[in-house]
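S.K.: As you go down the protein sequences, you meet chains A and B in turn.
Per our numbering, the first sequence starts with residue 1, numbered consecutively.
Per our numbering, the second sequence starts with residue 1, numbered consecutively.
Keep in mind that a hint or two might mislead.
Unchecked claim - Sample of chain A residues with no beta-carbon within 12 Å of chain B, all distances over it, derived:
{"no.": "1", "residue": "Pro62"}
{"no.": "2", "residue": "Ala77"}
{"no.": "3", "residue": "Ser218"}
What the hints assert, rightly or not - Just so you have them, the derived chain B footprint on chain A, three or more residues with Cβ under 8 Å:
{"no.": "4", "region": "15-21"}
{"no.": "5", "region": "85-99"}
{"no.": "6", "region": "102-112"}
{"no.": "7", "region": "174-183"}
{"no.": "8", "region": "187-201"}
FYI, nobody ran anything at the bench for these hints, they're computed from the structure.
Glycine included, every Cβ here is placed at the ideal spot set by N, Cα and C.
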Amino acid sequence: MAKTNQPNYKIKLSVGDRAFDIANYTFMVLLMIVTVYPFVNMLAVSLNDGMDSVKGGIHIWPRVLTWDNYEYVFKQATILHATFISISRTVLGTLISTFCSAMVAYTISRPDFVLRKFVTLAFVLTMYFNGGLIPNFLLMRELDLLGSFWVYIVPGIVGVFNIIVIRSFIEQLPDGILESARIDGAGEFTTFMRVVLPLTMPVLATTSLFTAVYHWNSWFDVFLYNSSHIELSTLQYELMKMLQNSNATGTSGSMDGMGGTASFVTPTSVRATMTIVASLPIIMVYPFLQRYFVKGMTLGGVKG
Amino acid sequence: MLKNVEVESSVGRVPPARKAGLSLFLSRLVKQRTLVFMSVPFILWLFLFKYVPLWGWTIAFQNFKPAKSFGEQQWVGWKQFEFMFSDDRFLQVMRNTLAMSLINFVLGFATAITLAILLNELRAVAFKRVVQTISYLPHFISWVVAATIIQTALSTDGGIVNEVLLALGLIQEPVLWLGVGKYFWGIMGVSEVWKNVGWNTIIYLAALTTIDPSQYEAAEIDGAGRFQKIWHITLPGIRPVIVILMIINLGQILETGFEPQYLLGNGPNLDYSENLEIFILKYGMNLGNYSLSVAAGIFKTVVSIVLLFGANHLAKRMGQDRLF
Chain A
1 MAKTNQPNYK
11 IKLSVGDRAF
21 DIANYTFMVL
31 LMIVTVYPFV
41 NMLAVSLNDG
51 MDSVKGGIHI
61 WPRVLTWDNY
71 EYVFKQATIL
81 HATFISISRT
91 VLGTLISTFC
101 SAMVAYTISR
111 PDFVLRKFVT
121 LAFVLTMYFN
131 GGLIPNFLLM
141 RELDLLGSFW
151 VYIVPGIVGV
161 FNIIVIRSFI
171 EQLPDGILES
181 ARIDGAGEFT
191 TFMRVVLPLT
201 MPVLATTSLF
211 TAVYHWNSWF
221 DVFLYNSSHI
231 ELSTLQYELM
241 KMLQNSNATG
251 TSGSMDGMGG
261 TASFVTPTSV
271 RATMTIVASL
281 PIIMVYPFLQ
291 RYFVKGMTLG
301 GVKG
Chain B
1 MLKNVEVESS
11 VGRVPPARKA
21 GLSLFLSRLV
31 KQRTLVFMSV
41 PFILWLFLFK
51 YVPLWGWTIA
61 FQNFKPAKSF
71 GEQQWVGWKQ
81 FEFMFSDDRF
91 LQVMRNTLAM
101 SLINFVLGFA
111 TAITLAILLN
121 ELRAVAFKRV
131 VQTISYLPHF
141 ISWVVAATII
151 QTALSTDGGI
161 VNEVLLALGL
171 IQEPVLWLGV
181 GKYFWGIMGV
191 SEVWKNVGWN
201 TIIYLAALTT
211 IDPSQYEAAE
221 IDGAGRFQKI
231 WHITLPGIRP
241 VIVILMIINL
251 GQILETGFEP
261 QYLLGNGPNL
271 DYSENLEIFI
281 LKYGMNLGNY
291 SLSVAAGIFK
301 TVVSIVLLFG
311 ANHLAKRMGQ
321 DRLF
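In isolation and in its complexed conformation, chain A is listed as follows (with noise of 0.2 Å):
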């Protein structure tokens, strides 16, 4: 966690030392600001009247405050069910693929398993190639899996870089947890379930979180597999779409009014609001996970 290796004398400072400390907190401080402020500005205009907002001048707190655009986007059929797709490939992407990637992980860090080489080696040249854009896209056409809510899943069942820092955390357990367990004659799945799953838990929560945040961010497959099939969209491909249209028009959002319920909702204040929606959940967890990433990044970060 956050330690300081300088040792931490109370001795005086310097003029210069201090002036080093004075320059240094202000730039963090504004780094913060630079950070920040985009998100904060984006909240506050999904919080005010759109027709307010028109006239400018918002940035950290909403003139007319209101639930309008909160209101207006949700009654959106196309958004609403966008937001259960991409709660549900997120869900159910990260179990399949967490719990499949360290069963994996946990065969290859066996020393004595007989395809141990084979599996290590097949999968981790596949970080070294891709078939490209089009291949892909002819396989699953092949695979019938073009207009399907599988084409979000299938293809990341498991995860190589997932395998590989999980396979180096169990690696790390002391021999004798999954000696003991044998002894007891559990076989290698009820080892796998009752021990190693729930002693990998810090790595597997990096992972799930790498993983989860990956299916709830992405667009480019919906685009690519099912942008014919709006039941198939997620939320953050109807965000791509919205800031694609307002990229034609060069600006970042246009005078005329969407009817909303009592009052009118513009563009601009939908995209706000719909930006809110598409990162809040993220916002909200990634600070709990803080050292169990710091940590997985460490461990698989350079190794590979």
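Following the hints, put chain B in place on chain A, whose structure we already have.
M.R.: Using the frame of chain A, we list chain B on its own:
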């Protein structure tokens, strides 16, 4: 089971040493059948989803028509590659790819190393943790959200960038940043830094904790100042990590990413925003020229593998751990 017996009897004629090896292998395979069931289904999956698509590389050597079967395709040899390398558009795309890679490489390393060192100099532990947590935030949000934020910030009607620059008197009127091609590489570089600089410090901060504190104490007794300690102790302490990461990144020079360029690219900046991945997508999905698209994909993969092995070799020569 039956198959195993057959295999064993069929190898009965080979020399005894090999027979012993093979039957030992088979008997161990049977004994470890649980581990086999736990891994082999995923090998089949891997074969189907990662190795079978390589078959599609043949498309690059054909004049591929989706309606025809494999036997009916017209084979054209290296023609697609020849066309590609003489295509002005492709050369422009390569220029954009390499330029954005180089900018990301230099900016990415300089900013991440600087931020890691500055974070390391913070004495207030709680404050440091807050800064770190916040700095990871943009890494986790999607490029769609990031692109929406960037586009909003750069817009001419009330975008924060134009507002600040106008207030500081640096520009006289709002600039349509994304509408001018020559600004695009810079926008990409800054966006990349905004999104990933905090995340990229993780590995350096981990390396910094391995530096022996007594080195700083000794330097202090010798009268070293803040910058001298950074220059002579902190930086050399993370040098191996910097070198390894630089080498890995050299191997990925053609992987400029796809999402930010695609999401923020538009008509006016196309000449500067289109990179190799967008070229592959455009020819493949929009224009239906599968063969040229696959040729460009093969080019990208092969160059990347060569660079990667070269980088690995370089790492070994420089006495670092091998990368893989």
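S.K.: Against this structure, judge whether each hint is valid.
M.R.: Tested hints:
1. Pro62: holds, 15 Å
2. Ala77: holds, 21 Å
3. Ser218: Incorrect as stated: the minimum Cβ-Cβ distance to chain B is 8 Å, not above 12 Å.
4. 15-21: holds (count 4)
5. 85-99: Coverage by chain B is violated for the region 85-99 of chain A (0 residues, Cβ < 8 Å).
6. 102-112: Coverage by chain B holds for the region 102-112 of chain A (7 residues, Cβ < 8 Å).
7. 174-183: Contact hint for the region 174-183 of chain A vs chain B: violated, 0 residues under 8 Å.
8. 187-201: holds (count 4)
Hint violations for this structure: numbers 3, 5, 7, all remaining hints satisfied.
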